[in-house]
Structures are given as structure tokens and as C-alpha cells.
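Enquirer: So the chains spell out like this:
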Amino acid sequence: MNRQVRRVGLALVVMFLALFLMASSIQVLRADSLYSDSRNVRASYETYKTQRGPILVGGVPVVESLPYNDAYRFIRNYESVIYSPVIGYFSLFSGSNGLERAMNSYLSGQSSAQFFEQINALLDGKPVIGAAVELTLDPDIQRAAWDAMGNRKGAVVAIEPKTGRILAMVSKPTFDANLLAGHLYEPVNDAYRVYDEDDDQPLINKAIAGDLYHPGSVFKLVVTAAALESGQFTTATRFRNLKTYTLPGTTTEIRNSGGSSCGRGETVTLETALIKSCNIPFAMLANELGDDRIRAMAELMGFGADLSIPLKVTPSYYPEDPDVAQTALTGFGQFDVRVSPLQMAMVSAAIANQGVMMQPQLVEMVVAANLNVLQDPEPKVLSVPISRLSAGYLTRMMVDSVEVGVAGRAGISGYAVAGKTGTAQNGPTDPYTLWFTGFAPAEAPEVAVAVVVEDGGGIGQNGTGNQIAAPIARAVMKAVLDK
Amino acid sequence: MSNTSLTSAIPKLLKAVPRSRNFEAVLLFWVSGILAFALAQVQLAVLQKMQWSLLFYWALPTLGALLIHFVLRKRAVSADGLILPLAFLLNSLGIAMIYRLDLAEAARGGTALFADRQVWLSLIAMAIAALVIWLVPNHLVLRRFPYLAGIGALVLLILPALPVIGRTRNGATLWIGIGDFTFQPGEIAKILLAIFFAGYLVSRKDSLSEIGSRVLWMRVPRAKDLGPVLVVWFATVGVLVLQRDLGTSILYFGLFLVMIYTATGRAFYVGVGVTMMLTGALVASRLFDYVSRRFDSWLDPLSQDNYNAAGGSYQLAQALFGMANGDVIGAGLGGGFPQLIPLAESDFILAALGEELGLAGIFAVLAAFLLLIYRGLRIANSHSDDFSKLLTTGLAFVLGLQVFVVAGGVMGLLPLTGLTTPFLAAGGSSLLANWALVALLLVISDSSTRRAA
Chain A
629 MNRQVRRVGL ALVVMFLALF LMASSIQVLR ADSLYSDSRN VRASYETYKT QRGPILVGGV
689 PVVESLPYND AYRFIRNYES VIYSPVIGYF SLFSGSNGLE RAMNSYLSGQ SSAQFFEQIN
749 ALLDGKPVIG AAVELTLDPD IQRAAWDAMG NRKGAVVAIE PKTGRILAMV SKPTFDANLL
809 AGHLYEPVND AYRVYDEDDD QPLINKAIAG DLYHPGSVFK LVVTAAALES GQFTTATRFR
869 NLKTYTLPGT TTEIRNSGGS SCGRGETVTL ETALIKSCNI PFAMLANELG DDRIRAMAEL
929 MGFGADLSIP LKVTPSYYPE DPDVAQTALT GFGQFDVRVS PLQMAMVSAA IANQGVMMQP
989 QLVEMVVAAN LNVLQDPEPK VLSVPISRLS AGYLTRMMVD SVEVGVAGRA GISGYAVAGK
1049 TGTAQNGPTD PYTLWFTGFA PAEAPEVAVA VVVEDGGGIG QNGTGNQIAA PIARAVMKAV
1109 LDK
Chain B
-9 MSNTSLTSAI PKLLKAVPRS RNFEAVLLFW VSGILAFALA QVQLAVLQKM QWSLLFYWAL
51 PTLGALLIHF VLRKRAVSAD GLILPLAFLL NSLGIAMIYR LDLAEAARGG TALFADRQVW
111 LSLIAMAIAA LVIWLVPNHL VLRRFPYLAG IGALVLLILP ALPVIGRTRN GATLWIGIGD
171 FTFQPGEIAK ILLAIFFAGY LVSRKDSLSE IGSRVLWMRV PRAKDLGPVL VVWFATVGVL
231 VLQRDLGTSI LYFGLFLVMI YTATGRAFYV GVGVTMMLTG ALVASRLFDY VSRRFDSWLD
291 PLSQDNYNAA GGSYQLAQAL FGMANGDVIG AGLGGGFPQL IPLAESDFIL AALGEELGLA
351 GIFAVLAAFL LLIYRGLRIA NSHSDDFSKL LTTGLAFVLG LQVFVVAGGV MGLLPLTGLT
411 TPFLAAGGSS LLANWALVAL LLVISDSSTR RAA
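Protein chains in written order, with the working numbering: chain A, 629 to 1111; chain B, -9 to 443.
These are computed hints drawn from the structure, not numbers from a lab.
Note that the coordinates shown come from a computational prediction; the quantities given were computed from them, not determined experimentally.
Every residue gets a Cβ at the ideal spot worked out from N, C-alpha and C, and that includes glycine.
Certain hints may be false.
To be verified - Far from chain A, some chain B residues (derived; all Cβ distances over 10 Å):
hint: 1; residue: R65
hint: 2; residue: L93
hint: 3; residue: D106
hint: 4; residue: V131
hint: 5; residue: I141
To be verified - Have a look at the derived ranges for each label pair, beta carbon to beta carbon:
hint: 6; chain 1: B; residue 1: I319; chain 2: A; residue 2: A997; range: 18 to 26 Å
hint: 7; chain 1: B; residue 1: V67; chain 2: A; residue 2: L649; range: 36 to 44 Å
hint: 8; chain 1: B; residue 1: I24; chain 2: A; residue 2: R771; range: 56 to 64 Å
hint: 9; chain 1: B; residue 1: A97; chain 2: A; residue 2: N705; range: 21 to 29 Å
hint: 10; chain 1: A; residue 1: I747; chain 2: B; residue 2: S374; range: 50 to 58 Å
hint: 11; chain 1: A; residue 1: V688; chain 2: B; residue 2: I24; range: 46 to 54 Å
hint: 12; chain 1: B; residue 1: V260; chain 2: A; residue 2: S652; range: 25 to 33 Å
hint: 13; chain 1: A; residue 1: R631; chain 2: B; residue 2: V318; range: 36 to 44 Å
hint: 14; chain 1: A; residue 1: V642; chain 2: B; residue 2: N298; range: 29 to 37 Å
hint: 15; chain 1: A; residue 1: Y813; chain 2: B; residue 2: A97; range: 14 to 22 Å
hint: 16; chain 1: B; residue 1: V16; chain 2: A; residue 2: D660; range: 36 to 44 Å
hint: 17; chain 1: A; residue 1: G932; chain 2: B; residue 2: A299; range: 47 to 55 Å
Go ahead and model the full structure; you've got the sequences and the hints to work with.
Expert: Quick look at the structure:
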């Protein structure tokens, strides 16, 4: 009978072997896919077990996890809505967005840089505390930009040209992240639905994402840069000065804004055309350059490229294959050119920084709970789209735009301000998109800005970039210069 | 030939385990320490401080184990030295996990607490095991009452299907209840069945194994001798229908097949029996909704349909999520979310252990079971009389099969059943039956060495 007993034993060993294999399959081979299954709430509970790190602006937390007497033990507390577009939200039920999402691995203490902390935590049984993320934003400039925008819809970006550090980033309308950070499903879900279904898309940071905007005349900076860099054109290159211009191959007539010619005389220089922001010379220039050379310059300046600041930036767009008439329209930023406010701020910053475009950056430093510095991004050159000489010419023309041209409302007494306005058309009767981009002081730039105001600033087709966007940019630049 | 020397060295090493009670005492001390550390870790991780209640959860089970230990010193001094520490270890891990789940339940304001009860029931079960060892110094007395045991088993099996006292949980009618007190008689029935089969087969094994005609390579027994197989098969299928639980019928039928095989050495019975069982299960899965739902959930636990279905795979999927969270080394006691798995304190306690102790913990628990079973089979091997061999093989196998069916169900290897995890799960009948089973193994091991000596 002992033979049978041994065989029964063998059968049991085989059965247990099957269990060992199954357990290994679940806990090793399939562990990751099971853990990340959307129905597995452990991952979201897990993030609440550790005290999530704060996000700081000027050394002061603008969001932090405070102790809270429920199963999650902490609640996320957002200090001010003015940072909402940048910080985003971290919700149990609606996912996460903004830096809360982009910096999640650091904030939650799960980044690979915190490996040794995690090992320590495993040994002493205490959970890892999330790292603190210090932003490049300046609270005063952010506040100035927020206040200057008032109730208008749109976005403001301010960059330090030498370093790419983002000093202010505002998008309006925005949301209250505290409403999404609650621990009860119903109110959070209701708040999320209201925001999500709002036509103004308050959950989207329009400074870097969303549907982007037609740039209108601010795109003339890119076209001028392409012209100067081509070697075929100088600021003194002359174009025919017409009152109306029929686009090549069509019967469509275009006009300069205001409907007159670009100053007096039979011809007009590129310089005057830019200072007065005339459309007809730029349509001609665009056709002489051709879409390929404009697109090449746009791409050098960051169009079409993925960018992480570390928020994900929607790439700006220059049309793929425009015909001659369409190319002429792109010369003054119409047709299908679409840009983000950040992209235009980068263009101004590159001009301000003598042709060198720096990588925009929102994160100043990431510091672990044990005060180890986990990340300390150095300023990084993104590209050199234009020569120092071209940058100088563009600066002079932009200063003239503010001092004698159509961007006068951006002027700050005692400083040379460089700027360019834009008033983009979105359709025959749709309100304009109003733009300003520029920098100050022109001789030693401290800040480059881009301002976009949607819906014509509330006055349809009556507003201009100079009238509505330029004063906002002025307020932001003044806040920097006053510091 | 280093290969053979290695493989032969392991059994030799295991044979070398002393049967001295002092060795057992050292192991019990060690396991008691594991229980104390586990409880302390649970309290520190969940409550962030230690509480005096730890002593209660530690002292009572330790007291029970010591009670058995001292009874063994008096009445069965040369019993196997590993069985008691292994059973105590498994019982302790169960208590620690149930206590941990209680703390999570209390934290969310729940009142479904099990740990206090489990600790008292463990003590009672161990006291009864001590009593069994005290009262049954020689297990051969059991051989005198095979039919009494058989009838007793049958009555216990039918009880839950009776009106008034029968209780149904999660679709399976495995409980009887009087007021708040519930009991799962099938757990005790498995021991009685093993006694019955052992007694019956010892007297019939010759006719079952030798008479009959040869067909192909197998010797087919006479219809008359095949009769009992059919009777037991019908009885287990009856259990399946009445109690709506596949696991219980697999357990009893499997026990019967293994014991008849051990008695006769005829693979024919196993072949025919497994075929009949599979056929029965397949037919049942077609005929009965509750069986077919279990099959669907088993085949694809993560499909949204099964996940959402009432009585579907939600529980199994949660168990898989939990085990995945445990990874290799586990989230640590108090560090995971085993409270998210429904019935984590009973049917799914293995998944809860898998989440917090990881693959390493699952391996350790399964290895403890395997070692316990191995000790049982070793006793069977060393015994000279057939009744003892059969009974011990039956007891060891039924324990192993139950672990296999439960663990297989929790991990999605087999369809889910209503069986409990021996020693680990919350529940008195399971503790009582398995401690009684251990008591029998200890008594039999004692007599085997006495005879050899």
C-alpha cells in the first residue's frame, strides 16, 4: 500500500505546484496589468496613504495635503484659484490634471529618484512623504496678470528671456480645484460635470493647450524673422503700397486694418509695415518667401514640436500645404495658423534674448521630504532661430511699434518696451482674438509676455489688440520692472 | 550520482525531525513569537501604536497550543513533532489577518468583527483536540464503528438541506443555524467519511482489487464491487444538487477515490471516478444557473459582464487585484487594502494574506500546508496496519484537496466554491474539524512509532 501512498503524495505535490505557479503568475507576471486595471481602486487609495507633497510658489505652499479625519487621512487644499490652470487638480474620482499630474511621481513619493527613501520606508514601516515642487512662478507677477485680465477670457504668459523660467501663467475662466479634491463622490462629480460641460472649458489651461488661437498680426514677427534670416530681405526692403490687394489666383480682396494704404508713398519698407502692422505688404512678403521658408522659421521657433514644461504643451501649427493665396494670408497670421500663447511668448523671448530661445520651465526645484534636491533644472537652450543681428532689428522695430506705432498702450514711462499687437479674425461676424506680445526693458529684457483675449474682450469686432491686450501686458511687465 | 544523493538527502533530512516533545516546545515558542510580532505589526501599521489587547489575541491561541502540547506529553509522548507547530502557525496567521481586517472594519465604523470570536473558537477547537488525544489513546477503536461513522457523516451532510435549520449563504446551502449560532456540518463529515471509508475498504479491498476481467490494460471490477463507487458518486452529486456547492462534492468524492485507490492500487477507479466527476460537473454547469455562473466567472473573471453580474466575478477580481498589489514581498501587514475584498476574513483570507505578505507569504502558507500533509503521509507510510494507513492517507489528502480547491478558487485556477481555508479562515466548524483532524494524526503518529519501537 505504500506505493499508493507515495503516489497520492506525488499527486498532492503536483496540485500544490499548480497553486505555486498560479500565485506566481498573478503576483509577478500579471501583477502590473492587474494593479493598473481601472476597476482596481488600490492605486488611488495608495496615493492618499502618503502625505502628498506640496507645490510652492515663492516658498509658500499654494497647494498642500492637510491632515483630515477620514479613511484617506489627508485632504488636498488649494490656496488660490489664480494657480489652478498651472497646478491643475488631484481628484479621487475625476483623475488629475496640470502639474498635479505631470509631477505626480515626485508629489506621491513614487519617483525613481526617491528609491532609497522608499527602501527606508519599507524598513521602518512609515510611508514615503511626497516631495515638494517649487515653481518658477512669481506670486506678485502672477497676481498682476490675474488682476489685469479681469473678467476677460484668455490667457497670459510671462517668461524670463535669459532662462526660460515662466514667471506667470494665467488662463481664464478657470476652476476651483478644492471642489474636485473632496472625498465624497456626489459633490465632486457634480462639480466636475459643470466644469466639463462649460463651453468656456475652464478645466483647460489655454496658455498652452486647448484649440489654440489664430495669431493674427503677432505672427508677422515670425514672418519678418524668416525674411531677415533669408538674406534676401532687410528692414529697408520695399513693397508696393496698395489700398487693396487681390490675392493671387483669386478674386478675394484684402485690406490693411483701417482700410487705408500703409502710410504715404508708392512703396513702403518692411520696417514701416511691421511698425504700422500692415497686412498687404506682409501678404506680398509671404508669397515672395514661400510657405516652406515661413514654416521652417516657425518650426525653428518651436511650432509642431512636442514640448514639456513639464506640462504638456499643444504644438502650434503652420498649415501643411497652403496654395499661393493661403500663403499670403498666413503672412499676417490668418488662414489656418494656430498658436498657443506660450509659443508667442517664446518668440518674443527669443528676440529679447538676442536670438537664443530657452526651454520654458515651470519647475524651479524638487525637494524631497529629507531635503534632498531631486530635480534642479538648469536653463537650457531650445534653439537659435535667428541671428543676433536679426534679433536686434526686430527689437528696434518692436520698440518703434510701441513708441510710434500701433502698440502704444503697452508703453511704460522710463522704459523702452518692445511689442507687437494682433487682432485676429475668426470669421465674418465672429469676435476678434486680441493679442499682444513683447518684452521689456528692450535693452536688457527681464520679461517677455504674450497676452491673448478671446471674444474681442467682450466688444465683438470693435476691440483691437492695442486697446485691450496691450494694457494687460503692460501691467504684467510693469510688475516685473517694479520689483 | 550527486543528483540522487541530493534527492535522497531531503527525505532523510525530514526523517531526522525529532519526535521529542522538547523539539515541539521550541517550535511552539517560535510560532508564538511569530504571532506576537504579526499582531504588533498590525497594531503599529494600522493604529500607529500598540495596545494591551494584543496580549489577548496572543495569549489565548498560545494557551491552546500549550494545552495540546502537555496532553501529548502525558498521553502520546512520541507523536510527530512538526504537526502541532504547523497547525498552530497557520491558525496564528489566520488570527493576525482577521484582527487586521477587524481594525480596518472598525476604522470605517463597521461592526462585522471576527477576531475576538476567532480567538475563542481557536482555543475551544484546540481544547477539543486535546480532549480527543486524551480520550482516544488508540485510534484503532475507530475501526469498530465504520457504519456508525458513515451514517453520522450522511446525517451531517443532509442537515443543511433540512427546512428551518438549514442556512444558505452566497448560494450554497452548507450551514445549519439555531438562532445566531451557525455551524457547517460538512467540515466534521469529512473526518467521519474518512473513518467510514477506511473501515469499509479494509474489509473489501481484496474483492475490489483482484476479482474482475481485464479490459485493455486495466482490470475492470465486477459490477457488484463497482456498486459502492456508484453509490458514493450519486451521494456526492446529491450533495451538489441539495447544497448547491461544487467544492463539497469534489472534496468528498475526491476523498473516496483516493482512499479506494490506496486500498486497491487500481488506477481504474481514479480514471472512472474523475471522468464521472467531470461529466457531473459539466452537466451541472449546463443544468444549474448557479454552477454555470461560477464557471463563467472562473473562465474570465476580468470581463466587465461577469464583473457586474450578481454573483459574478467581482469578488474574484478584487482578490486578484489584491494579490497583484502584494507583488513578491507583499504590502506588509496593515499596509495593503485587503478589506476591499468581500469575505476577506473567511473564503478569501488567502488573497488577503497574498496582498499583505506577498508571493513569499503565499508560498510560506502553502508550504506549511504541504509539510503538514507530508507528515500525515509519512505516518501512513510508516504504519504497518492497513486501517491506519488508509485513514491517515485519507485525512492528509482531504486536507490537501480542500486547500487546493479553496486556494485554486481564490486564484482563479478552479471555479469558486464554498469551502473554507483550513485553520486560516474565520469560522468555528472549520477550526473544530481541522483541529480534530490534527488530533487524529497526532494520535496515529504516536501509535506508529510505539509499534515500530
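Enquirer: Would you mind marking each hint as holding or not holding in the structure?
Expert: A quick look at each hint next to the structure:
{"no.": "1", "hint": "R65", "verdict": "holds (26 Å)"}
{"no.": "2", "hint": "L93", "verdict": "holds (12 Å)"}
{"no.": "3", "hint": "D106", "verdict": "holds (23 Å)"}
{"no.": "4", "hint": "V131", "verdict": "holds (21 Å)"}
{"no.": "5", "hint": "I141", "verdict": "holds (26 Å)"}
{"no.": "6", "hint": "B:I319 to A:A997: 18 to 26 Å", "verdict": "holds (23 Å)"}
{"no.": "7", "hint": "B:V67 to A:L649: 36 to 44 Å", "verdict": "holds (41 Å)"}
{"no.": "8", "hint": "B:I24 to A:R771: 56 to 64 Å", "verdict": "holds (59 Å)"}
{"no.": "9", "hint": "B:A97 to A:N705: 21 to 29 Å", "verdict": "holds (23 Å)"}
{"no.": "10", "hint": "A:I747 to B:S374: 50 to 58 Å", "verdict": "holds (56 Å)"}
{"no.": "11", "hint": "A:V688 to B:I24: 46 to 54 Å", "verdict": "holds (49 Å)"}
{"no.": "12", "hint": "B:V260 to A:S652: 25 to 33 Å", "verdict": "holds (28 Å)"}
{"no.": "13", "hint": "A:R631 to B:V318: 36 to 44 Å", "verdict": "holds (38 Å)"}
{"no.": "14", "hint": "A:V642 to B:N298: 29 to 37 Å", "verdict": "holds (36 Å)"}
{"no.": "15", "hint": "A:Y813 to B:A97: 14 to 22 Å", "verdict": "holds (19 Å)"}
{"no.": "16", "hint": "B:V16 to A:D660: 36 to 44 Å", "verdict": "holds (42 Å)"}
{"no.": "17", "hint": "A:G932 to B:A299: 47 to 55 Å", "verdict": "holds (49 Å)"}
Going down the numbered hints, you'll see the structure goes against none, and every one checks out.
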